[in-house]
Amino acid sequence: MKRVLIINGPNLNMLGSRENDIYGNRTLADIYKDLEECAHKLKIELCFFQSNTEGKIIDKIHESPGKIDYFIINPGALTHYSYSLHDALKSVNIPAVEVHMSNIYSREEWRSKSVISPAAEGVISGFGQKAYILALYYISIL
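Everything in the sequence shown is counted per our numbering, starting at 51 for the first residue and increasing by one.
Some hints here could point you the wrong way.
Below, simulated SDA-like cross-link-like pairs (lysine to any residue); rule was C-alpha separation at most 25 Å, straight line [claimed, not checked]:
no.: 1; residue 1: LYS117; residue 2: SER152
no.: 2; residue 1: LYS110; residue 2: ARG53
no.: 3; residue 1: LYS52; residue 2: SER67
no.: 4; residue 1: LYS52; residue 2: TYR131
no.: 5; residue 1: LYS91; residue 2: GLU104
no.: 6; residue 1: LYS110; residue 2: TYR131
no.: 7; residue 1: LYS180; residue 2: SER167
no.: 8; residue 1: LYS52; residue 2: PHE177
no.: 9; residue 1: LYS93; residue 2: LYS163
no.: 10; residue 1: LYS117; residue 2: PRO60
no.: 11; residue 1: LYS117; residue 2: GLU69
no.: 12; residue 1: LYS52; residue 2: MET64
no.: 13; residue 1: LYS91; residue 2: SER167
no.: 14; residue 1: LYS140; residue 2: LYS91
no.: 15; residue 1: LYS106; residue 2: SER167
no.: 16; residue 1: LYS140; residue 2: LYS83
no.: 17; residue 1: LYS106; residue 2: ILE191
no.: 18; residue 1: LYS163; residue 2: SER152
no.: 19; residue 1: LYS91; residue 2: GLY105
no.: 20; residue 1: LYS117; residue 2: GLY105
no.: 21; residue 1: LYS91; residue 2: LYS106
Honestly, the hints are just simulated from the structure, not real lab data.
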């Protein structure tokens, strides 16, 4: 069974009450529940981690070798400037799929650049919470 760690960065704990016109009204707990149901069907084991602190996310990535097979990561605003998160992903040799609920390329100019993407196998952006589900399906066919 494949083991996947889903990492959510800063402010994603506020889903459901934050910019509903962009992110919808579902909470992170709602999304996790849907992901668990999908993962069960796909025979994938999930773990979840969310932090508003860059260093804690990096520590979690560093602890992952031997425990998980893939990352699904929504870095939040860290997407645009966290070279240390990029380096952490590269350092552990675990494939990652970067996801974004909003289409980062259709928003403010500064959001269209990801320093995380070069450390990921691919990017899924703009499909709301379904971005996570699409990432799970991708991992399931590997």
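Hint-by-hint comparison with the structure:
1. Restraint check for LYS117 and SER152: the C-alpha separation of about 30 Å exceeds 25 Å, so the hint is violated.
2. For a cut-off of 25 Å, the pair hint linking LYS110 to ARG53 stands: about 15 Å separates their Cα positions.
3. In summary, the hint linking LYS52 to SER67 is not supported, as the alpha carbons are separated by about 32 Å, beyond the 25 Å threshold.
4. Between LYS52 and TYR131 the CA atoms are separated by roughly 30 Å; this puts the pair beyond 25 Å, and the hint is violated.
5. With a C-alpha separation of about 32 Å, the suggested pairing of LYS91 with GLU104 is violated against the 25 Å cut-off.
6. Proposed proximity of LYS110 and TYR131 is supported: the alpha carbons are some 19 Å apart, at most 25 Å.
7. In summary, the hint linking LYS180 to SER167 is supported, as the alpha carbons are separated by about 19 Å, within the 25 Å threshold.
8. A C-alpha spacing of about 24 Å is found between LYS52 and PHE177, which places the hinted pair at or below 25 Å, so the restraint holds.
9. Only pairs whose Cα atoms come within 25 Å are accepted, and LYS93 paired with LYS163 is rejected, the gap being roughly 34 Å.
10. With a CA separation close to 23 Å, the supplied pair LYS117 and PRO60 stays within the 25 Å bound.
11. The hinted pair formed by LYS117 and GLU69 fails the criterion: a straight-line CA distance of about 34 Å is larger than 25 Å.
12. The hinted pair formed by LYS52 and MET64 fails the criterion: a straight-line CA distance of about 29 Å is larger than 25 Å.
13. With a C-alpha separation of about 28 Å, the suggested pairing of LYS91 with SER167 is violated against the 25 Å cut-off.
14. Between the alpha carbons of LYS140 and LYS91 the distance comes to roughly 30 Å, so the proposed pair goes past 25 Å and is violated.
15. Taking the CA atoms of LYS106 and SER167, the gap is about 20 Å. The hint holds against a cut of 25 Å.
16. For the proposed pair LYS140 and LYS83, the alpha carbon gap of about 29 Å is over 25 Å, so the pair is violated.
17. Between LYS106 and ILE191, the direct Cα distance comes to roughly 30 Å. Violation of the 25 Å bound is thereby established for this hinted pair.
18. A threshold of 25 Å between alpha carbons decides the hint, and for LYS163 with SER152 the separation of about 14 Å falls inside it, so the pair holds.
19. A distance of roughly 33 Å separates the Cα atoms of LYS91 and GLY105; the hinted pair therefore is violated under the 25 Å criterion.
20. Between LYS117 and GLY105 the alpha-carbon distance is near 19 Å, which keeps this suggested pair within the 25 Å criterion.
21. A distance of roughly 30 Å separates the Cα atoms of LYS91 and LYS106; the hinted pair therefore is violated under the 25 Å criterion.
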